[in-house]
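Protein chains: 2
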Amino acid sequence: MIFMCDVSPRDGLQNEARTLSADQKVALIEGLRDSGLPRIEATSFVSPKAIPQLADAEEVMARVSRTSDCELVVLVPNKRGAERALACKPDELNLVMSVSESHNRANLKMTPDESFNALRDVIAFTGGKAKVNVSLSCSFGCPFEGDVSEEAVLTWVSRYAALGVTGVSLCDTTGMAYPSLVRSLTTRVLSQHPNLRVTLHFHNSRGLGLSNVLEGIRAGVTHFDACTGGIGGCPYAPGASGNVCMEDIVHALQCEGLETGINLEKLLLVAKGLPRLLGHGVWGQVAYAGPRKRLFDPTQAKQQ
Amino acid sequence: MIFMCDVSPRDGLQNEARTLSADQKVALIEGLRDSGLPRIEATSFVSPKAIPQLADAEEVMARVSRTSDCELVVLVPNKRGAERALACKPDELNLVMSVSESHNRANLKMTPDESFNALRDVIAFTGGKAKVNVSLSCSFGCPFEGDVSEEAVLTWVSRYAALGVTGVSLCDTTGMAYPSLVRSLTTRVLSQHPNLRVTLHFHNSRGLGLSNVLEGIRAGVTHFDACTGGIGGCPYAPGASGNVCMEDIVHALQCEGLETGINLEKLLLVAKGLPRLLGHGVWGQVAYAGPRKRLFDPTQAKQQ
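Note that the protein sequences, when read in sequence, are chains A and B. For the first sequence, numbering that gives the first Met the number 0 assigns the number 0 to the initial residue and increments by one for each residue that follows. For the second sequence, numbering that gives the first Met the number 0 assigns the number 0 to the initial residue and increments by one for each residue that follows.
One should not assume that every hint holds.
DEER-style ranges, computed between Cβ atoms [as the list claims (entries may be wrong)]:
| hint | chain 1 | residue 1 | chain 2 | residue 2 | range |
| --- | --- | --- | --- | --- | --- |
| 1 | B | A49 | A | K271 | 50 to 58 Å |
| 2 | A | R187 | B | N116 | 25 to 33 Å |
| 3 | A | T66 | B | S46 | 23 to 31 Å |
| 4 | A | S20 | B | H279 | 28 to 36 Å |
List time: in silico EDC-like cross-link candidates among lysine to aspartate or glutamate, alpha-carbon distance up to 16 Å [stated by the list, open to error]:
| hint | chain 1 | residue 1 | chain 2 | residue 2 |
| --- | --- | --- | --- | --- |
| 5 | B | K130 | B | E70 |
| 6 | A | K130 | A | E70 |
| 7 | B | K78 | B | E113 |
| 8 | A | K292 | B | D90 |
| 9 | B | K292 | A | E144 |
| 10 | B | K292 | A | D146 |
| 11 | A | K128 | A | E91 |
| 12 | B | K128 | B | D90 |
| 13 | A | K292 | B | D146 |
| 14 | B | K292 | B | E264 |
| 15 | B | K265 | B | E29 |
| 16 | B | K292 | B | E255 |
Here are a few chain A residues that face chain B, going by a calculated C-beta distance under 7 Å [to be verified]:
| hint | residue |
| --- | --- |
| 17 | F2 |
| 18 | A86 |
| 19 | C87 |
| 20 | A105 |
| 21 | S183 |
| 22 | R205 |
| 23 | G206 |
| 24 | L209 |
| 25 | T221 |
| 26 | F295 |
If you're looking for bench data, these hints aren't it; they were derived computationally from the structure. For glycine and all other residues, C-beta sits at the position ideal for the given N, C-alpha and C.
Using the sequences provided together with the hints, build the complete structure.
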């Protein structure tokens with residue numbers, strides 16, 4: 000079983016020029032949940048000044064209907080965010096820092112060590128009221144520094160594992176991962192931390208996203224983030240384009256005989272609604288071509 | 000070494016609304032060749048009525064300058080096409096039929112057996128004046144019939160191998176291939192025909208193109224078709240979108256430490272010229288994001 004987390008309500012919408020209404024966000028989250036997604040990153044409790052698109056995080060969390068078969072994760076940058084988030088009773092907090100000093104400074108105005116100290120305080124403050132995941136940005140490379148050493152990533156994973164977090168995400172913030180690197184790094188992380196939930200979070204900036212997911216699965220990873228429509232990016236990461244595309248991954252995994260529990264037809268309906276919702280086309284290919292089992296009428300072929 | 004064949008001057012341009020001038024086509028082919036591509040499918044000797052975009056096949060072949068390090072392949076549908084093609088002294092003829100009866104009828108107005116008989120006559124007519132490759136459309140599925148049996152594909156490969164062709168291409172005409180199918184079929188073909196050149200030709204209609212290329216390499220394939228910019232399609236194959244993208248593949252193979260002999264920077268210049276040439280955007284991601292080793296200035300990050 001492969002567990003997909005749809006991060007489009009957070010990683011996707013934070014990058015959109017158009018700010019959706021709370022109604023639209025709640026409908027998007029519930030549409031994803033009704034497609035069978037077991038996890039959704041629903042919003043972010045960052046400063047509304049930094050990400051005005053997600054300023055209504057409390058309202059969205061209060062209004063979205065909750066079910067036991069879908070965990071709602073929320074991004075939290077600091078203690079203030081954790082306070083706001085915990086009042087909304089999410090299933091999990093997703094904390095974030097970058098393993099690259101220059102990217103962490105550009106994104107969070109701190110050194111990685113300062114971020115670690117701050118997040119350690121957030122984890123202590125959370126006190127078990129929600130599960131905690133830590134996302135490690137730039138785990139497969141930094142747009143300012145280039146390659147990131149696997150040892151550096153392993154050190155950060157170990158430091159957070161020692162704090163008792165539920166999981167870590169190895170984030171390919173600007174699409175610098177490639178399959179042999181995915182295999183090498185994730186094999187080492189899984190081998191050192193057999194009881195830690197490891198999630199891979201890829202962007203498709205250089206077209207390698209799906210290949211990286213498939214390689215992660217070969218290496219033994221079972222948790223992945225993706226965005227329906229392949230929307231998303233990072234406002235502080237130049238060259239970043241969309242997250243890997245949820246419906247294209249679900250389709251590919253179906254082809255490979257891997258179960259996600261997701262109803263592809265329902266998910267495709269959500270994906271096909273995105274261009275109207277966002278005011279622009281999105282990346283997904285399967286929403287356009289249809290699943291591979293879709294058959295056409297040869298007498299209609301020339302008109303297509 | 001992985002040998003890439005750029006089919007954009009043929010499979011790409013035959014699907015464009017805009018017909019390029021012979022000047023533009025010659026410049027495209029020479030630009031690809033100067034990027035280090037060892038093989039280019041330069042044009043098609045189909046009826047100008049069927050594909051008016053390539054009606055100037057003779058002129059293009061007469062004007063393009065030839066070098067010993069780049070083979071020019073031309074598509075040939077029948078004996079009339081072979082006559083026209085051989086007068087232009089290409090390095091190789093690429094013949095084509097579909098392993099799916101309904102797709103062959105829709106595309107070529109013949110049964111597969113009728114196509115085989117006609118192509119056998121073309122091969123005899125060629126008489127060694129050029130190498131011959133046979134492209135087997137719908138080898139990974141048919142948009143009208145669905146799954147295609149591996150045994151059917153293996154039978155067609157064997158029939159052509161018995162005629163002494165240099166190579167066969169297993170063509171994923173409408174993007175229905177997926178990695179485990181690629182591995183299964185190509186492993187069987189390679190094992191039955193160790194001395195036959197086997198080329199994989201993928202379309203990216205469902206986002207699986209690059210993953211399929213990487214899986215083909217794992218299975219032992221060394222020859223692949225792709226289009227710079229990911230342009231292309233099939234006018235008789237509904238749901239088909241672009242071919243796999245050459246520059247994204249070359250970039251991915253570089254990341255993986257696999258040599259193609261292609262200069263990515265030069266190839267990216269060709270790719271970046273395509274939107275102006277064709278009048279629309281193209282699919283390639285690396286032309287937009289840059290190679291993964293491209294570094295950005297953190298002080299400029301927010302402006303990006």
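Against the structure, the hints come out as follows:
1. For B:A49 paired with A:K271, a C-beta distance near 33 Å fails the hint of 50 to 58 Å.
2. Distance hint for A:R187 and B:N116: a CB-CB separation of about 57 Å, inconsistent with the stated range 25 to 33 Å.
3. About 59 Å separates the C-beta atoms of A:T66 and B:S46, a value inconsistent with the hinted range of 23 to 31 Å.
4. At about 33 Å, the beta-carbon gap between A:S20 and B:H279 stays in the expected band of 28 to 36 Å.
5. Of the supplied pair hints, the one linking B:K130 and B:E70 holds, its CA atoms being roughly 10 Å apart against a limit of 16 Å.
6. With a CA separation close to 10 Å, the supplied pair A:K130 and A:E70 stays within the 16 Å bound.
7. Proximity of B:K78 to B:E113 is assessed by CA-CA distance (about 13 Å); at most 16 Å being required, the pair is judged to hold.
8. For the given pair, A:K292 sits about 38 Å from B:D90 by alpha-carbon distance, which is inconsistent with the 16 Å threshold.
9. Distance hint between B:K292 and A:E144 is fulfilled; the C-alpha atoms sit about 9 Å from each other, no more than 16 Å.
10. Taking the CA atoms of B:K292 and A:D146, the gap is near 8 Å; set against the 16 Å cutoff, the hint holds.
11. Taking the CA atoms of A:K128 and A:E91, the gap is about 9 Å. The hint holds against a cut of 16 Å.
12. The hinted pair formed by B:K128 and B:D90 meets the criterion: a straight-line CA distance of about 9 Å does not exceed 16 Å.
13. Our distance criterion of 16 Å between C-alpha atoms is met by A:K292 and B:D146, whose separation comes to about 8 Å.
14. A threshold of 16 Å between alpha carbons decides the hint, and for B:K292 with B:E264 the separation of about 12 Å falls inside it, so the pair holds.
15. Taking the CA atoms of B:K265 and B:E29, the gap is about 12 Å. The hint holds against a cut of 16 Å.
16. For the proposed pair B:K292 and B:E255, the alpha carbon gap of about 13 Å is at most 16 Å, so the pair holds.
17. About 20 Å separates the beta-carbon of A:F2 from the nearest beta-carbon of chain B, more than 7 Å, and the hint is not met.
18. A cut of 7 Å between beta carbons decides the hint on A:A86: the least distance to chain B is about 31 Å, and the hint is violated.
19. Contact between A:C87 and chain B, as hinted, is not supported at the beta carbon level, the nearest pair being about 29 Å apart and thus beyond 7 Å.
20. Annotation: interface hint on A:A105 holds; nearest CB of chain B at approximately 5 Å, less than 7 Å.
21. For A:S183, the interface hint is violated, the least distance from its beta-carbon to any beta-carbon of chain B being 12 Å, above 7 Å.
22. Against a cut-off of 7 Å between C-beta atoms, the interface hint on A:R205 holds, since the closest Cβ of chain B lies about 5 Å away.
23. Below 7 Å, beta-carbon pairs count as interface contacts, and A:G206 has one with chain B at about 4 Å; its hint therefore holds.
24. For A:L209, the interface hint holds, since its Cβ comes within 7 Å of a Cβ in chain B; the closest pair sits about 5 Å apart.
25. Against a cut-off of 7 Å between C-beta atoms, the interface hint on A:T221 is violated, since the closest Cβ of chain B lies about 18 Å away.
26. Below 7 Å, beta-carbon pairs count as interface contacts, and A:F295 has one with chain B at about 4 Å; its hint therefore holds.
In this structure, the hints that do not hold are numbers 1, 2, 3, 8, 17, 18, 19, 21, 25, in rising order.
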